[in-house]
Structure formats: structure tokens, C-alpha cells
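A.B. asks: This is what each chain is made of:
There are 6 protein chains.
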Amino acid sequence: MKKTVCFGEVMLRLQPPSYQRFMQATSFDAVYGGGEANVAVSLAQFGLDSVYVTRLPNNPLGITCRNEIRKWGVDTSKITFGGDRLGIYFCEKGASQRPSNVVYDRAGSSISTATDNDFNWSEIFDGADWFHFTGITPALGGKLTAICEKACIEAKKRNITVSCDLNYRKKLWSREKAGEVMGALCKYVDVLIANEEDSADVFGIHSTKSDINSGVLSYDGYIDVAKQLTQRFGFKYVAITLRESISASVNNWSGMLYDGKEANFSTKYSINIIDRVGGGDSFGAGLIYSLVSGKAPSDAIEFAAAASCLKHTIEGDCNISTVSEVESLIKNGGSGRVQR
Amino acid sequence: MKKTVCFGEVMLRLQPPSYQRFMQATSFDAVYGGGEANVAVSLAQFGLDSVYVTRLPNNPLGITCRNEIRKWGVDTSKITFGGDRLGIYFCEKGASQRPSNVVYDRAGSSISTATDNDFNWSEIFDGADWFHFTGITPALGGKLTAICEKACIEAKKRNITVSCDLNYRKKLWSREKAGEVMGALCKYVDVLIANEEDSADVFGIHSTKSDINSGVLSYDGYIDVAKQLTQRFGFKYVAITLRESISASVNNWSGMLYDGKEANFSTKYSINIIDRVGGGDSFGAGLIYSLVSGKAPSDAIEFAAAASCLKHTIEGDCNISTVSEVESLIKNGGSGRVQR
Amino acid sequence: MKKTVCFGEVMLRLQPPSYQRFMQATSFDAVYGGGEANVAVSLAQFGLDSVYVTRLPNNPLGITCRNEIRKWGVDTSKITFGGDRLGIYFCEKGASQRPSNVVYDRAGSSISTATDNDFNWSEIFDGADWFHFTGITPALGGKLTAICEKACIEAKKRNITVSCDLNYRKKLWSREKAGEVMGALCKYVDVLIANEEDSADVFGIHSTKSDINSGVLSYDGYIDVAKQLTQRFGFKYVAITLRESISASVNNWSGMLYDGKEANFSTKYSINIIDRVGGGDSFGAGLIYSLVSGKAPSDAIEFAAAASCLKHTIEGDCNISTVSEVESLIKNGGSGRVQR
Amino acid sequence: MKKTVCFGEVMLRLQPPSYQRFMQATSFDAVYGGGEANVAVSLAQFGLDSVYVTRLPNNPLGITCRNEIRKWGVDTSKITFGGDRLGIYFCEKGASQRPSNVVYDRAGSSISTATDNDFNWSEIFDGADWFHFTGITPALGGKLTAICEKACIEAKKRNITVSCDLNYRKKLWSREKAGEVMGALCKYVDVLIANEEDSADVFGIHSTKSDINSGVLSYDGYIDVAKQLTQRFGFKYVAITLRESISASVNNWSGMLYDGKEANFSTKYSINIIDRVGGGDSFGAGLIYSLVSGKAPSDAIEFAAAASCLKHTIEGDCNISTVSEVESLIKNGGSGRVQR
Amino acid sequence: MKKTVCFGEVMLRLQPPSYQRFMQATSFDAVYGGGEANVAVSLAQFGLDSVYVTRLPNNPLGITCRNEIRKWGVDTSKITFGGDRLGIYFCEKGASQRPSNVVYDRAGSSISTATDNDFNWSEIFDGADWFHFTGITPALGGKLTAICEKACIEAKKRNITVSCDLNYRKKLWSREKAGEVMGALCKYVDVLIANEEDSADVFGIHSTKSDINSGVLSYDGYIDVAKQLTQRFGFKYVAITLRESISASVNNWSGMLYDGKEANFSTKYSINIIDRVGGGDSFGAGLIYSLVSGKAPSDAIEFAAAASCLKHTIEGDCNISTVSEVESLIKNGGSGRVQR
Amino acid sequence: MKKTVCFGEVMLRLQPPSYQRFMQATSFDAVYGGGEANVAVSLAQFGLDSVYVTRLPNNPLGITCRNEIRKWGVDTSKITFGGDRLGIYFCEKGASQRPSNVVYDRAGSSISTATDNDFNWSEIFDGADWFHFTGITPALGGKLTAICEKACIEAKKRNITVSCDLNYRKKLWSREKAGEVMGALCKYVDVLIANEEDSADVFGIHSTKSDINSGVLSYDGYIDVAKQLTQRFGFKYVAITLRESISASVNNWSGMLYDGKEANFSTKYSINIIDRVGGGDSFGAGLIYSLVSGKAPSDAIEFAAAASCLKHTIEGDCNISTVSEVESLIKNGGSGRVQR
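Residue numbers (the numbering used here), protein chains in the order written: chain Z, 1 to 340; chain S, 1 to 340; chain R, 1 to 340; chain B, 1 to 340; chain E, 1 to 340; chain W, 1 to 340.
If we strip away everything but chain Z, and leave its shape as in the complex, we get:
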């Protein structure tokens, strides 16, 4: 069984029930999630030996967060406890023309004050095949860039494949800072994952014709972006998620995988959204599962797109779909007939 390691921040998501706005809420639904934790959970559902590494506060919230991830079969034994608090984000779910709204309250979280001593990468990577992190982690500041680099170096030393989801967050750092830091880290990265905007935000590499808000995609433009990224950093694979936002309720969704030679586009799904948080992460997990399992690029991108399509129909951050559910969507399409 292939072993994967994911590293990053996991937060408490607090969300008004149903479609309530923040100002109407008298309670919040609570789930735990974060870019890399979401990938780790999905990989465990796909049957891999999935390890998740982070730092959590040693209080009931930190312990609960660990338990919730452990529930899904992720190995949480490498999580370190310390620091002051669990990062929180408040999320108001959008509908139709009203966008979802996120209020972050993550400053001072336990992971952001982690130090080199918190993680024994040699021990963590023992027997591992894949290492995944995202651009959010170095963006959290503190010593996280150095920690990420140390992890990458250790991974490369062991011939572990490294994947990174750019995941640019403008509230965390500037484009300039992101470009500098991620540019340095990308030299260790084999598989780059990004959404339509990330490469422009972080590296100034623009898709030539696509207008994000219009929802009109330029396929050629994305191939061009992937080529530029590959030329600059020498990635083995560049994967890009393609979201066309019709409204907060309906999105078109597909993905592209460029293997240095040619670009494979997946089926495009028109999705009635239940919860789009973690959509990109589930794509990353689908891709990692596919590549670590030896799928061909065209199959890999189909699997990643179908997996993340299913995530959009599931509440919470994590894609708790199985391989057989993803394959059933690929094979039978999304007609949604009851499975009796």
C-alpha cells in the first residue's frame, strides 16, 4: 500500500446552518478542515496509507480536531501538540447570485508558531511514497517556509514525489512575497496543482484569454500556462482545475493535466453545489491517488475531476468518496439513479 504524507494547517470551520447569513445565525455547524488535511482524508478513503502532519493546541479543540481526522483512517500519530490556539474560519454559504463569504480568524494558530523541532521528517517520511503541501503553509509565516523546505529536501533525498497546490491566498501574503517563496520551493516540486488564477497571482504567468468571472474558459490559454510553468520550474506534471462559476449554486467543473508533452482535459461536470469548500483539495487527492497508483495521464485527470465533482455534492471540507464511487461516476455518468 502506497504511503502519502500531507503537511499543513487544519482549522475549525464554523458555518451558519443551511443558507443563513452570519447576522442571522444562532448556531454554527462545526467541521474541521484545511487544504492538506482534506487531501489526507480523501487519500485514506481511497485506501492509501495516509499520514497527516500538523501542530495543534493541546486543548479540547485541538484534540477534537485530531480525533475527527483520525476517524477517517488517517494516521495522526505524527501530529505535534503545542501552541496557543486552533485557527478558525467562519464561512457563510452563498446561493444563486449571493457569493459565499469567508472570515478568517487564523492568526496565532499553533501551526503558525511551529518550530523546527516539532517535526522529525526523517521519521515521518519512513516508507513514504509521496509528500504533499500547499502554498498556504509558507504563507502562514513564522518558520513555516523553512520547515517546508526542510521537509522537501528530506523528501527529495528519499526519492519521494513532491506535490504542491499553489493555493494563493491574498489575505495571507502579497503576490510578490508568494512568488519569491513559492518560486524557491517549487524547485523541489514534481507535481504542481493550481486553479485558474494561482499561476498569475503567484508567478505572473497568465492564461491568455480566460475571464474568471465571465466563466468563459480558454483551453489553449491553460495549456500555455502549463507549458510556461513547466519550462520555468521543470515540473513533471502541471494540473489545473477549471471552474466556471455560473452562480453560487451552479458551477461547471473540469481539470487539465499537462505531462510536459501534452495536455489532457477531463469531462466537464455541471454541478448543483452542496458545498464547494475543499473542491480543489479533492482534485489534488484524486490526482495524487491516480499518479501514485500508476494511472495514465488521461485516466488520472478523469479520476481527479470526477472525485472533485463528487466532493461538491458532499457537506464539509473532505471528499469522503471511495474509489468505486468515483469510478462509477466516470463509467455511468452523473444521472444520479438510486443505488438500491
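Just so you know, not all the hints are guaranteed correct.
Copies of the same chain are indistinguishable here, so a pair counts whether it falls within one copy or spans any two.
[To be verified] The calculated DSS-like cross-link candidates involving lysine-lysine, where the alpha carbons are at most 27 Å apart (straight line), are:
id, residue 1, residue 2
1, Lys170, Lys331
2, Lys71, Lys2
3, Lys3, Lys78
4, Lys261, Lys170
5, Lys171, Lys331
If you're looking for bench data, these hints aren't it; they were derived computationally from the structure.
Fit chains S, R, B, E and W to the given chain Z structure using the hints.
C.D. replies: The following block gives chains S, R, B, E and W in isolation, referenced to the frame of chain Z:
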């Protein structure tokens, strides 16, 4: 007032709230339903004298099940109490490309261990005009095929119209066994109800061109199926529901009624689904109401289709629409303006 | 800061959770709302000095109703307490082809038994710029027509702009009575707001070609209606909401503003409805805000339409959107991308 | 099987969830209940042929109310539909030193505008053994006193036992009016049921020493009250409920039955209250069941007290306990060991 | 109408529903509260002109917090918006032998980074009669001690009565630091409020015999504490809350008011606790209301104790009881009879 | 770290929310639990290396059950998947004089059809220190008695301590059968755990004076029972839970541990019950933790009693208290002061 009798299993449906998956649920919404009970409840809402016959365990769950059906005005005085347990099914509601998922836990239910002595058909049918059962009942095994046949014989003796919804369930019996048993019972049946797949599954009678998953219907094919069924069994009417599954969230829905001479197709409704469980049953109830009330075939199929369209917008197994609500949909269309 | 005054009835809305029907409900969600209160709340969110005037029973329900409106920053100090009861309406939310259903229980409410002494208009209007009421208020009977007229006279004396939303309710009064009373009150009105049907119901002024249920709009017809209304009553502005009901789940929505010379039509929004109650009121509030803030007609109608589009995506009667949210929809469109 | 008839008003009870106060509630739990309906439901659970008679509005709330009562096996076929509205009461549940708070909104209810033609007493009483009403019904005004008298006369003509629960409500009528009307009706009454205060409020007959708020009961005082009542009206039985309110959370509860010769006091229960609404009604039902079944007075009062003790542990207005549950409490005491 | 000003931190309280533990929760109930905000809300319910001053983040959570306080009729126009975040505390409700558990997450809140310019005390105190703060505010650090002192100086200049609730929080500062800072601030304080432990924790003044955990109180000891406090700081009044914790479910509760000459003890209430958070604050509010209204000490302490008794039966931080409800408890005792 | 192994059935518990009765429920709260699983979860919270062994159906319910146990840090890797269904029990929570009511629906569960091949005891017991099972497991029939015996033999071979909770269930088997089977298995048992009734039910060994329902305990009687058990089976320890049921809401709770020489009685706790299911199991876990950790008998019984006291205040089957929480109760008593 016309009197109808429905006979079959009623179960406890346990469903995670909203769109939660089984693995996320910390509670289950509980409703009671079953193919024939759903028909009985709908007929009572339409104003008929509706009798429902089954066997329930003499414990709080069996009693609650009886009470819930009685609430809707169904005559439950012919229900027998005995046996060990109430059948249960767990249902996870699908969304968009994620299909609904059903886990049955019905083995050993009180109805499946019923005996001849549990039902006094002569008394039950006193004054009745119509008898309805489905293919699920004999599929439950035990003595239920013999009990169904006895009921049919008693019904025919009294000139009571007999309807049957084929409702093939592959988890309950094989196609071969179903074909054999249902073939024998169909000789008592006047009105056959089926979905697009049932006649092929049970009797090997195929619609020539339709592909269930593609959602493309062949109208001529269904007429052909109805003709073949009529030729083989001599039914007065064959009604077929026509579902085009666009996704788990959106379905097209219509119906066909063949009267031995010509086929009447209903309006086709494009439905944003609230709960599709019991959709076929509500069609059956709409059809029975129409025919027992003397509606013409073209009106009957319009009523049945409109009734079951409304069911898809109602939570739970049962169509709790009234005749005037169904007629309003037929007359005014489904624009959904507020009824102030 | 501009000061607005709204006057009318506010009720307790009781609604089965989710899409439950009345007969399934074991609880009711409770919100407070009413045509003019909804306008007042929205105006307060837009940053105006918004006063709401009504009469409430001096019991926990009346006090709670006052508190809930006060929460949104509306000045409730002019509300009078007295009378017997708070009006109630029960509302069952429709879905797809099943329409929403409203049961009113508002007879004998405290506002309907108000007298001249309950409201000191001179004090209420001190410093005010705008007065808004709707056709529902005089329809409640008692002395409310006289009270409305007295308020209008006082408003005109102070050069306060007067707006009125026709809001015809057939369960409250006949077309004849409505035409007579509203005709008399309209001579004080500067800005008339109506939906597609109101002018025909109240004044017998018909849009030439539009069929409400078909959802096909005649733009020219509405211009013609606005012209006729302007000619008869001398309004400065006539605003009409244009709803195309595709189903209870999806509506197209736009608006028209006629300024005596030309008609301005807004963008048309295709809305996945969360809650359409109060949609027209939010349009009125958007219009009042725009006009009292000095926007040009074409901008005013865009703002009103976008504001009310957002309301359809928000639970409850009131549009709790801000000016910046409305402007963001106008500027960026309704693609619903997450606001991180 | 003995047949009982209960007549009176049934209302929608709206209650904030858990221990919320009115001003905190964003939803209301909904149950249906009323003094006589509660008795009817309890009698049906005890296995009697229980008929409930009232007048309900012909709208979804009236129909739902009928359905909810029907669910419990009560014969609702004699309910008349008409009039304008269902009476409502809002109930805030108390705790510890904070009392429960009730806001009535029952004016103009369908039963209060009933006429003589609404009830065919001859048909209703066919085969009946017992008739029960309460002092609330004539207190509702309109023609209800006359209707009650007509029912009593018809009952006496048929040798049907008549019971009445005084149930004085000071918000409905004055002590003087109550005394006059109830005095006239009591001449038809065989079994009088009252709480500690009713006889003083309605007939000016005082228990000599008890102080309601102190929770100290005078047993001799209650015997004296019963004697006086018997002397004045010639009742066969006088039953009095004895509530000692320690707090809103804990009450002591017992009952007395005077048969014209001697007084029988029940066991006293110290109850941790779940819902005390309907406690007196469940006592009445326990008494009626006991007497119509031929129990001795000492057994009857034990059954009535135990039945109503259980009601205090059940949410909603109605005692849905069975005879065997009541007998188990009498026999085994209230140690509450799990029934596995 | 008397005008009061309260100043301090208000936080978002997140609490698992019912008696769930943190590790079981999938949602959190959300209320807003804080020592001084709770006092302000209670004073508004008592009919005073209550002003609340704080600093909140300019995001949806800060705005919602302001709205929720405004709902209760508190003047929130002096609240300043700025800073980074709203303080949060997570609270797990105890039961029986399991104590409630609080996890604070308040570091870096907007109030803790307030500066002198945020509050114009001259304007805030215009027309005010009373100023209230607690020991939590200076404990938050930053410039809050200086801000508190500045407010006190301005208050004394205007002859405004100053009250302070010691409210020692060991997680915020040491006993030494608290003693030093509060000692300095107490010279401006007229009315000191404390619980059984505060004076020992902050000033090293011990009640001679009471053992907090044993629940055995020494009345003489508390008088002695009050005398020592008065001698050291010259308070006009010292009020002490006396809690005997029988368990997390049952507490005895009373209070003492020392006026420099004699000590008045209130009635002692045995309370079945619904929510004890804010119990001390409601005592403070009851006391302030009583003293600002001119009640005698013995009446003041009865009112304060009864008010705070009621708070323990109410969910959330705030006592939303009215003067008449408090007086009813004092007059009628806590027997909890239904208020029909 | 000590390693423990627990083996037995785990079921889905379905419970109406709050205090609803079965017949009122429209949803069920869902938790997973079973005698031995509850012990395993508690031991994991105490920090032991806890392994749980069972057989679950390979469907979403079985997988969810595994996940829920895994969440708590229990090693679930030895669970076998197969068979037809997960056992279910429905539980209605009692209150005051109304007892809790349990409806079992466990026939045919996956564990009851387990075979010898499902469990590799040699592998399971590798490194283990303790093995725990209960009398429920052999009572389930099939091959479970043989499997239990095989496990015991393997355990004894490895010098693993064996504990057994008698846990007699009269619905599963007769007293005679239980006595015979448990008598045979007890020869492998070192530590016997029982409630007040078990030894009489299973072995006919009676406590001389205690009356279970009266709630009066005979301490000497229990010592006598323990002595007899020890004499007959040679146990190292006999532990008995002592429950005095005051009502379904309040129980007294303590325990006794007999070490072959003397009996140690714990503190007696008077508990306001939140959820008593699993109370005995949490006692067993507290005892096992204490003994495997080398506590003295008097300390062990205090720990076991305090641990299980806390369980009664926690919803669900499992005691999710930590060692420090249990020790805090022992040290500080159950005054329930807030842990800020």
C-alpha cells in the same frame, strides 16, 4: 365513496438529515413507508375510503408505524400484529452527480413471516372496489406469494379491480424467480404499473431503443412494451412511468397509459427533486384514483403524472397532495406562484 | 443622513422547516416581517436613518417583534403598544412545481384596531425625507385608511416624498374597494411601486400582452401601464417588478422604472430561490435608497433589481444586504465566487 | 368496549425549544392540544372507543390538527369544519424559580363561533357510555353554553355518565359569570373534577387551610370542599388534583376522590417535570377510564394519579401512556429502572 | 430615566448543544456576552437608559455582536469598530458531578488593542448617572488599565457613581498584578461587587471560615471581608455573591450587601441550573438598578439576588427578566406556577 | 503502555431526541455502542493501547461504526467485515417516574454469525496485557461461546489477565443457559464484574437483604455475594456496581471491590442522570485501567466509581472522560464549579 385495499410491507426509513452521507450522520430522520402503504395514504388524501393491510411487530415501532399511517386517514383496523421486527431501510439522499444510496435491513420482518391466518380477505374486501399490491410483496418470500394469490382470487370473485406495480427489486429475488411468480399472479391483474425497466427485468420484454442512463426515451418503444405485456397477460391497462435522470437533483418525469388500443402520454415535467422516494407509488395512486373515479385514459395519465410530479417536491414516502392541488398543477402549470 | 419613515403591519411568520408541508410540521421557524417593516430594515442596512411605525400588542410576542426590528438598527421608538394580538401568517415553502402556500391569521391584530391617537405624525416626521406605505395597510380596515391619509397629508405639508407599493391582497379587500381607496390615497403619492398584476387588480389598468403564469413578459405593455398610471395620478416615478415564475424554485427577476418620460429596465436575473417572501419589498427599499440618494433612474432601477435579487437568496422577510454587496453584484455579476 | 365522547376546543400550542424564552426563540415547537382533546387521546391509549368532537377551520392547520388527533386512534369523524381560525396559545416553559408563561391567542376560533347545527348530539352519542367536557368550553362564549347544555340533556336522556372538569380560566370569564354558568350546567354532571383552586374560583367554596403557593396541603380542607360540592350539586364523585409546586422543575402530585361517603387519597409523587401542560387532563382521563371500567374508588384515584404522574414526564399535551405502563408505576413504583 | 454606562469586552460564546462535550459536538450554539455587556443588557430590560461601550472588529461577527446587543434596547452608538478579531470562548456545559469547562480564545481581540482615541468619555458620559466596569477589562492588557482609569476620572468629575465587579480571572493575570492594578482603580469605585473568592485572590482579604468547594458558607466571614474592603478602599457599598455549588446542576445562591454599617443578606435560592454563565453579572445589574433607583439596602440585595436567581434559569449570558418578573419572584416565591 | 483487548458486539443505538417517546419521534439520534466497545473507548481515553475486536457488516453502517470507534483512538484494525447486518437497539430515555425503554433489534447481526476463522487470537493478543469480554457475547448464540472460550484459552496461555462483566440479558437467554455457559467460561476469568442482580440471575447467588426496586442496599449482602463467587470460581477480584434508582432522573451510584480478603466500597454519588446507558461499562473500564496500572484495591474502586459517575453525565454509550477528569472528581468532589 369508492373503497380501495392495499397490501404489502411498510418499513421504517432512516435518512441522514439534509444531504449528509451515512458516515457523517449523528441522527436519522425517521419516516414510515412502503410501496403499497404509500399508495394507500395517497388514495386517502384523494378522498377515497382507503384500507391498508400489513403485519407489524407488536412493539413501539410497529405501533408507531400504524399510528403514522392512521394519521393520514387510512383505515388501519385490518393490520395484524405479530412477528419479530419492522423492516428498516437506510437512505442517503443524493445530489447532483452523487446518487442516492439505499441500505436495506428488512430480513425477518413481521410481514415476511406472515401466514394465511393473518388476513381474512373476505372481511377485508367487504365493500371494496379495488385491490392493489406490488411485486415487492411476493419477493419477500415466506408464504407471501400464496397470500397474494389468495387475496387476488378473493378479489376477482368479488369483481374487484386488481392492480399491480411490478416494482422489481434485484436484491430480493432473481429475474427468473420474479418472472415465474409475477407471471402467475398477473393473470389476476387488470391494471399493470411498471417503470421503464421492470418489464424487461421481470418478463424479458424490452423497450426497443431507450437507454436508461442516457435519459433518452423512446416513446414508440414503450408503446411496444405495453402491447407485448397486454398480449401476454390480457391487462385492461398498462401504465409506465418515464423517468429521465438528468442528475440526482433534476429529473424529467412523465407517464404513459395504454388501454389495449392506444397509448396516452402525459405532460413531461422537469422536476427539481426534494425527495424522489415514493415517486412511482404516487403515480400508481394517481392512476388508481383516476380509473376508479371513471376518468378517461388521457385524463387519468395526466392526473397520475401531475400527482407524482408533486410527490417529488414533498419530503417522505407519501404524496400528501389533494385532488385540487393535482388539478391545479394540470390546469395552471408548475409556475409555482405563491398561493396567498 | 437621509431619514425615512415606513408605516404598516408587521406579522409573525411561522414556516415549517426546510420544505416540509404544513401537515408534516412538528415545529415552525419564526421570523417577523411585513411589507413596510421589510423596507425599513433594508433601508437601515443601506445606512439610512430608518424609522418604523406600527402598533403592537403589549405582550411577549409584540415586544419580541419590536426587538427583532430594532436589532437591525431601525428606530422603533415610535411604535405604539396596545390592542389584542400580533397578526400571524403561516407559510409553506414551495419547490419546483409545488407552489408556496400562505394561510393568513391576521384578523384583529393590534394595528388593525389602531386609532388616530396612536400616531403623532408631526413628531414622527420631524426631520424626515421620505414616507413609505403600502396598499396592505388601508386594506386592513378599521381606521387605517384615515390614518394613512392623515400621514400623507402631514408628509406632503413637510415636502416629504411619499412612496406607495400597491401590494394588492385579494383576501383583504375587493378590487372595487381597493381601487376606490388607493385611488384617493394616490394623489399624495410621488413614487408608485407595483408588481405585474397590481395595477390591473387595483385600477383596472392592464398590461397589454403579458401572461403572468406563462412567464412571458411584454416590456412594451409595462411601459404602457406606467404611462397610464402616470397620466391618471401624476406620479413622479412608477416602478414595476417583473417576475417570470419558471417554477417555485427558479424565477427570472427584473424591474422597470418609468420617470414620466422614459422607461429604464434593469438587468434580468435568473434566481435559484432560497426565500422569495419580501422580494418586492426589497425592491422598494432599493428604489427608495437610490432615489433619496440622488441616483439617476437607470442606476436606481439597477440597484433596486440587484438588491431584490439578493433578497431572494436570503432566508426571512428582510433584505439584510449592504450597499457594497448590492454594488458588487451590479459590478461583478452573480457568478458567486467565494469572497475569501 | 366502552365508548366515550369528549367535546371542547383544541388549539395549536407553540413553544420555544428547550428552555428558551419567547424573546430568544427563532422557532416554535408545535403540538396540538386542549383540555378535552387531551382526555380523548388518553382514553384512546387506554383502549377505549374514544370520540372527540370540536369545530375546526377548513384550512391546513385545522386539517393537521384533526390528523394529529386521529393518529392516536381517536374517532375524529364527528368533527365539524368551518369558521375562521384555529385557536393558538404560546407557551414558554419555566425552570426552577422561573414560572412557565402562557400567551393565549384564541379569540375568534372556529369552535367559539359554532352553532347548534354543527353537532348532531343524537348521532354523536349513539352507543356512548360517557360524556366529558370542561369549564373552558362555555367560557369561550358565543353559543357554547347552550351547546354544552344541549349535549348534557341529550346525554342524560341516554343515561350517559357526564363528567366535567371545572378548569377555571380567569382570562376567559369572571368568577361571577363562571359560577352562574357552571352552576347551571353542574346539575347534569355526575363526576366533577377540579384542581385545588377551581371550586373557590367558580363556586366560592374554599379549602379551609391550604395555601397554594406555599405548597402545604390541607387534606381535611379538600375533603370539606368535596363535601360542600356534593351537597350543593349532588355529584356522584368529586375528584380533586393536589399539586404542590416546589418549583417549576419539581412538583408533588396526588389526587383525591370523594364518592359521597369517603375520601380516597392517592400516593403522592415527587416529579421532575418534563412538561406539565395537560397534567390535569391526564388525571381526568385516568379517572374516567377507571370509573367506566368499574374500578373501586381507591383504585380509581391511584390509577388517575399514576397516569397523570406519567404525563408530567412526557412532552406535549397528551398522556400517551398505556394501561400497562400506568399499572407498572402503581405496582413497581417510580424507580425508573430501564425496561430492557 | 436613569442612564448607565458599561464598558468592557464582549465575546462570542460557542457552546455544544445540550450537554454534549466538546469532542462530541458537530455544531455550536452561538451567543454573545461579556461581563459588562451582560450588565448593560439587563439594565435595559429593567427600563434604564443603558449604554454599552466596547471596541469590535469591523467584520460580520463584530457587526452581529453589536446587533444582538442592540436588539435588547441597549444604546450601541458609542461602540467603536476596529482591530482584528472578536474574542471567543468555548463553553461545555456541565451536569451533576461533571463541571462546565471553558476554553478561552480571546487574545488579540479588538478591545485588547484599543487606544485612548477610541473612546470619547466626555461625550459618552453626557447625562449619565452610573458607570460600571469589571476587573476583566484591565486584565486584558494593552492600554486598558489607562483607559479604565481615564473613564473613572471623567466619571468622578461628573459625580457619576462608579461600580466595579472584581471578577478575577487567573488565566488573564497573576494575583499580584491584579492586586496592584485593581487597588489603584478602586480608589474611584463607589460600589464594589465580588464573588466569594475575588477579594482573597485580588487583595488577599480572606473570608475566615468558608470553604468554597464544600459549599458551607460563613456569613460572619463575608461581613468581615466586606468590612476590611471598606476600610481599605472607602467603598460606599460592598456586595458579595454567595454561591454554594452542590453540583453542576444544583446551586444555592444568595447575596450580601454591606453599606459600611450593616450587612444585609438576601433570601437563599436553591436553583436547578439552566445556564449559570452571567449569574454574577445579573446580580450586578440587579444591584445597580436597585441603587440607582433609590432602593434601601435590604431591598436592593433582595432584588439583586432574585434577579440573578432568574438568570440561572435562562439560556445565554444575559438576564432578560423584567422588573415585574423579579418582583414577582420576591413576592410570590419560586413555586413556578404557570402564568396563564 | 499497557495493551488491552475487548471483544463483543457493537450496535447502532437509535434514540428519540430529548425526552420524546418512540411514538412522538420524527428522528432518532444515532450513536454506536456495546458493552465491550464502550470499555475499549474508555480505556483509550485513559491512555492505554486499546484494541477492539468484533465483526461488522461490510456496508456503510458497519464502516461508520468502525470509524466512530476509531475516532476515539481505539485500534480497530482487528475488526473483521462480513455478515448481513449491524445490530440495532432503539432506546427511549426515561424521566422521573417514567423508565427508559429499550427495543432490541439485534437478531442476525454480523457478530452473531461469526466463525472461528474471523479472529486470529494469536495475532490479536500479541503484546496484550488484558482481555475483556461480557456475558452478552456468548448469549448471542451461534459459535460465540466457542469463540469466547478459544480467546480465553489463548489469553491464559499468554498470562493475559481476563475480565468478564456478567451483564445478564434475559431477552437473550434463560438463567439456566446463562449459568451453564458462564460457569464454564468463568474458570478462565481473573476479574469478575457484575451489577446487583447479575450473580443471582446467572449463578443463583443472592445478596441476602437488598431489594433492587426499593433502592435500599445491603452492604454486607454484597460482600457475601462476592465471597460466594470467589469461593466457587476462584476469582482474584470481584467488583459489583451498586445502583440505587431513586427515579429515572436521579440515581445513587457506587461500587465495591472484593480482593478475596476484604471488600472496598467507593464513595457514593447522587447523580442527576444525563445518560445512564454504558454506566456499568465505564465502571468496568475504570476498574481495568486501575488494576492494569497497579492501583491498590481501595484506589481502584474509587477510580472506577468516579469514572462511571462521570459517564452518567455524558451523552452516548461511551465514557469520554480522561484520567485527570476522574482524578479531579475524586480529589475535589462533584461541586461542579466551572473550569475556567
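A.B. asks: At 27 Å max between alpha carbons, let me know whether Lys3 reaches Lys78 within a copy, between copies, both or neither.
C.D. replies: both (14 Å within a copy, 20 Å between copies)
A.B. asks: At 27 Å max between alpha carbons, let me know whether Lys261 reaches Lys170 within a copy, between copies, both or neither.
C.D. replies: neither (32 Å within a copy, 47 Å between copies)
A.B. asks: Reference check for the pair Lys171 and Lys331, CA-CA at most 27 Å: within, between, both, or neither?
C.D. replies: between (40 Å within a copy, 22 Å between copies)
A.B. asks: If the cut is 27 Å between Cα atoms, do Lys170 and Lys331 qualify within a copy, between copies, both or neither?
C.D. replies: Between copies only: 21 Å across chains, 38 Å inside a chain, cut-off 27 Å.
A.B. asks: Since the copies are identical, ignore which copy is meant and state whether Lys71 and Lys2 lie within 27 Å (CA to CA) inside a copy, between copies, both or neither.
C.D. replies: both (20 Å within a copy, 22 Å between copies)
Comparing the model with each numbered hint stated earlier shows that hint 4 is the single one that does not hold.
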